[in-house]
Amino acid sequence: MLSRVADHIYWMSRYIERAENIARLMQVSVELLLDSAGVGAATSEDYWSPVLAATAMEGPFRELYPNPKPGDSSHFLTLDERNPDSILSCIREARENARTVRDQISDEMWAELNQLYLLVGSARGKELLENTPQVFFEKIIQSSLLFDGVTSATLSRTEGWNFLQLGRVLERADKTSRFLDIKTQSTIPSTETALEALEWGTILRACSAQASYRRVNGTEFTLERILEHLLFSTEFPRSVRFCVRTADELLHNISGTPTGMYSNRCEKLAGALLARLNFSGPSDVLERGLHEYIDELQVALNEMGQAVFEAYVLIPEDALRTAHRLHGFDPLGYHFQKQQQQQ
Amino acid sequence: MDEGAGAGLSNFNHVFEKDHWLACSKNRYPVCFQEVNQVGKPSATQGRVLLNSYRPANLFDELIDAHGQVRPYYQPVAERLFSLAPEAVDQKVKNLELLFLKQGVTFTVYGDEKGTERVFPFDPVPRLIPGAEWEVVEAGLIQRITALNLFLYDVYHEQKILKDKVIPTEVIHGAAHYRPEFVGVQVPRDTYIHVCGTDLIRDRDGRYLVLEDNGRCPSGVSYVLENRMAMKRVFPQLFGSTGVRSVDTYPADLLAALQYIAPRQTAQPNCVLLTPGVHNSAYFEHSFLARQMGIEIVEGRDLLVLDGFVYMRTTRGLQQVDVIYRRIDDDFLDPKVFRKDSMLGVPGLVDAVRRGNVALANAIGTGVADDKVTYAYVPEMIKYYLGQDPILDQVPTYLAWRDEDRKYILEHLTELVVKAANESGGYGMLIGPTATKAEVEEFRQKILATPRNYIAQPVVYFSQHPTLVDGALEGRHVDLRPFILCGETIKVLPGGLTRVALKRGSLVVNSSQGGGSKDTWVLAS
Chain E
2 MLSRVADHIY WMSRYIERAE NIARLMQVSV ELLLDSAGVG AATSEDYWSP VLAATAMEGP
62 FRELYPNPKP GDSSHFLTLD ERNPDSILSC IREARENART VRDQISDEMW AELNQLYLLV
122 GSARGKELLE NTPQVFFEKI IQSSLLFDGV TSATLSRTEG WNFLQLGRVL ERADKTSRFL
182 DIKTQSTIPS TETALEALEW GTILRACSAQ ASYRRVNGTE FTLERILEHL LFSTEFPRSV
242 RFCVRTADEL LHNISGTPTG MYSNRCEKLA GALLARLNFS GPSDVLERGL HEYIDELQVA
302 LNEMGQAVFE AYVLIPEDAL RTAHRLHGFD PLGYHFQKQQ QQQ
Chain P
35 MDEGAGAGLS NFNHVFEKDH WLACSKNRYP VCFQEVNQVG KPSATQGRVL LNSYRPANLF
95 DELIDAHGQV RPYYQPVAER LFSLAPEAVD QKVKNLELLF LKQGVTFTVY GDEKGTERVF
155 PFDPVPRLIP GAEWEVVEAG LIQRITALNL FLYDVYHEQK ILKDKVIPTE VIHGAAHYRP
215 EFVGVQVPRD TYIHVCGTDL IRDRDGRYLV LEDNGRCPSG VSYVLENRMA MKRVFPQLFG
275 STGVRSVDTY PADLLAALQY IAPRQTAQPN CVLLTPGVHN SAYFEHSFLA RQMGIEIVEG
335 RDLLVLDGFV YMRTTRGLQQ VDVIYRRIDD DFLDPKVFRK DSMLGVPGLV DAVRRGNVAL
395 ANAIGTGVAD DKVTYAYVPE MIKYYLGQDP ILDQVPTYLA WRDEDRKYIL EHLTELVVKA
455 ANESGGYGML IGPTATKAEV EEFRQKILAT PRNYIAQPVV YFSQHPTLVD GALEGRHVDL
515 RPFILCGETI KVLPGGLTRV ALKRGSLVVN SSQGGGSKDT WVLAS
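Chains E and P, in that order, give the protein sequences. Offset between the first sequence (1-based) and the working numbering: plus 1. Offset between the second sequence (1-based) and the working numbering: plus 34.
Because the hints were derived from the structure by calculation, they are not lab data. Worth double-checking, as some hints may not be accurate.
Unchecked claim - For each label pair, taking beta carbons as the anchor points, the in silico distance ranges come out as: (1) E/Pro259 <-> P/Leu340: 27 to 37 angstroms; (2) P/Thr150 <-> E/Asp108: 21 to 31 angstroms; (3) E/Ser123 <-> P/Gly328: 27 to 37 angstroms; (4) P/Ala166 <-> E/Ser123: 40 to 50 angstroms; (5) E/Thr185 <-> P/Thr300: 53 to 63 angstroms; (6) E/Ser123 <-> P/Lys266: 20 to 30 angstroms; (7) E/Gln116 <-> P/Lys266: 17 to 27 angstroms; (8) P/Ala483 <-> E/Gln116: 55 to 65 angstroms.
The structure displayed is predicted, hence computed values, not measured ones. We put the CB at the ideal spot given by N, CA and C, even for glycine.
All chains should be modelled from the sequences, with the hints used to inform the complete structure.
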């Protein structure tokens, strides 16, 4: 498979997963807002602050909206084109990556993603968000899940499949850990009410983990059990450990190296991280400090992503031989592409 | 090739505009719609809601003959289509365009930050070509492409046709796309143009005329295949027992033509499609063809040249490439040889081609054959190389540097379209019938000063075809772009892309200015 194609497929699924997670987090936050309306003096903006923090978008938001008005933050998270991680931008990126590798994915995958893109970018999408935000978020989540299902049912289990799943699970692990971190973001000003309100139940639901948690633990929420479920579960498919284990398997599928060994840096990092998760538990997390632990986790996940890029896309030794830029958007290249005449 | 009218629009659109000087505003050709006849009483068919309102114009009408009767070969289709309720047909077309949008069967509109994609408008009334008529067109196209390939071989080798003074040397050496550095370079199978899209129009008498040969990167074939799929899906009842020749084999034929020129004749030579990238207007087509052929679609940055061989970067390292179906122009192919600032190409690619380690389709330098001035000499080429008379006529072209031609041009300036030989698009062009006296005089002086720079052609009228417009059937101008593949044998895709000017009276088949397309049916008999 072409290196560039692998890169596009990886990012396609990462962006869909990202959109889905933001949508789910916003969905539960909207519900929470409705539940507690009138309870305190908290404004809707307070509820979005943790969301912004959990998606690492607080800084860019403050930059674009120095004096935010009601509705700004929710627009920023959903349909703001200036925010590269808004739901709209994520879906557009996913779809643009898919369009580039259209010949590599199934027609059904393309159709599902393209329809979602057409909806979200349309006036109808905007209406849906304004009138029935829950339905809007539901649509994003369902579409992402449907894409996953269609992929599973139509895509051959070749390298492309492995890269696609890799993008998904790395993004999923990242988001699960970030959502868990919402509770520890106590440094954000004027959000105490919101933090109070964002109960553990909400975080579990944002990770689509409430039902599975209850099946194991009943209705009582304790920090240890929640950590066990979201970080260390070997059964729950959105737990960090489950995702890292899957990533490790996928990497070994790609290279053909037996599991437990490594042939490149990303396999080494995946194996090391998996071992850490395999041989630690909630008590270790609390000992280290939840926020610190999650920070380290995210650094490790990022490094893995970078190592995948270096191993399979960059091919560093021959990258030196060419002047072309390998990655990222290039206005000049864009210009040339359009200039190129088709008779 | 940029031009004013299409500024900011897709390249694919430019194609549609390029040199279609007829494609100017409708009021320049008032004659087209002056004399409108009411169709004679339709023959024994029921429910002709649509057909009753149809008015053929005083030029060649694809549906109605000179006596106001539906042409016999259209009868079965006309009966089925025109008996449908217009609203139902309209609704089906709307659904179809929505389907195209969902499937991403679009072209990109430039000049828009978001890279807006549009559906190429589709007209459901198929254009029919009787089998016998097509045989002549097909033979003419095969004859023409054979001559063009012989000409290219000659120009890039011994240049006999120049030495024999059939074509003036200056014409070739002055052509913008002539590549002198490729003289003497061997190309696989001595073939230069492997994929050609020749534009045809029909004059008042229904004669097919060649308007231009597109021998560099012709596009549009994906719409031919998509249109056929759409018609089968939405109007299956129209096909009935009408024997329509299939277009399905095009991708397989194209792949076979590519494999035929592979330097390594292995069981499965590695063929790739080289695209400018996802932002190019025709990216849908590139991706479509690659998928249909089951080959990789690559960008310049995916390829690299080592020791004169071309490789693609894969997740498993480098893999050698044998044949490149390139959809980028010569200028952008290799920054070491052509445009230094090109970011689309592959440094060292031309060297690999010279060494015969990789094959290009089409070969480098084919632009000299589809040049505006070279065009005037194609009939001579056919005689020179094949000893035959051209089967297909073309638009007469007067070359101002020939004394008698110049005399004719100057005497008939108000009837002709004059074009600057080395400029494209609308620049340096005079449309005689609508020009002011001052403009005509200005051109007279220009032609006298530098006759070598000018050519002239008479105004030609495109045929018209019934087209569904707001639920009613109206005549609209059409052209035809058949696609020709030169592999082990020469294969012409039955039919081709029929482009239709959706605006009344307009001769613009350009998608950016209300152009659309329709399915083209070559009948089996």
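Outcome of the hint check:
no.	hint	in the structure
1	E/Pro259 <-> P/Leu340: 27 to 37 angstroms	holds, 32 angstroms
2	P/Thr150 <-> E/Asp108: 21 to 31 angstroms	holds, 23 angstroms
3	E/Ser123 <-> P/Gly328: 27 to 37 angstroms	holds, 34 angstroms
4	P/Ala166 <-> E/Ser123: 40 to 50 angstroms	holds, 49 angstroms
5	E/Thr185 <-> P/Thr300: 53 to 63 angstroms	holds, 60 angstroms
6	E/Ser123 <-> P/Lys266: 20 to 30 angstroms	holds, 29 angstroms
7	E/Gln116 <-> P/Lys266: 17 to 27 angstroms	holds, 22 angstroms
8	P/Ala483 <-> E/Gln116: 55 to 65 angstroms	holds, 60 angstroms
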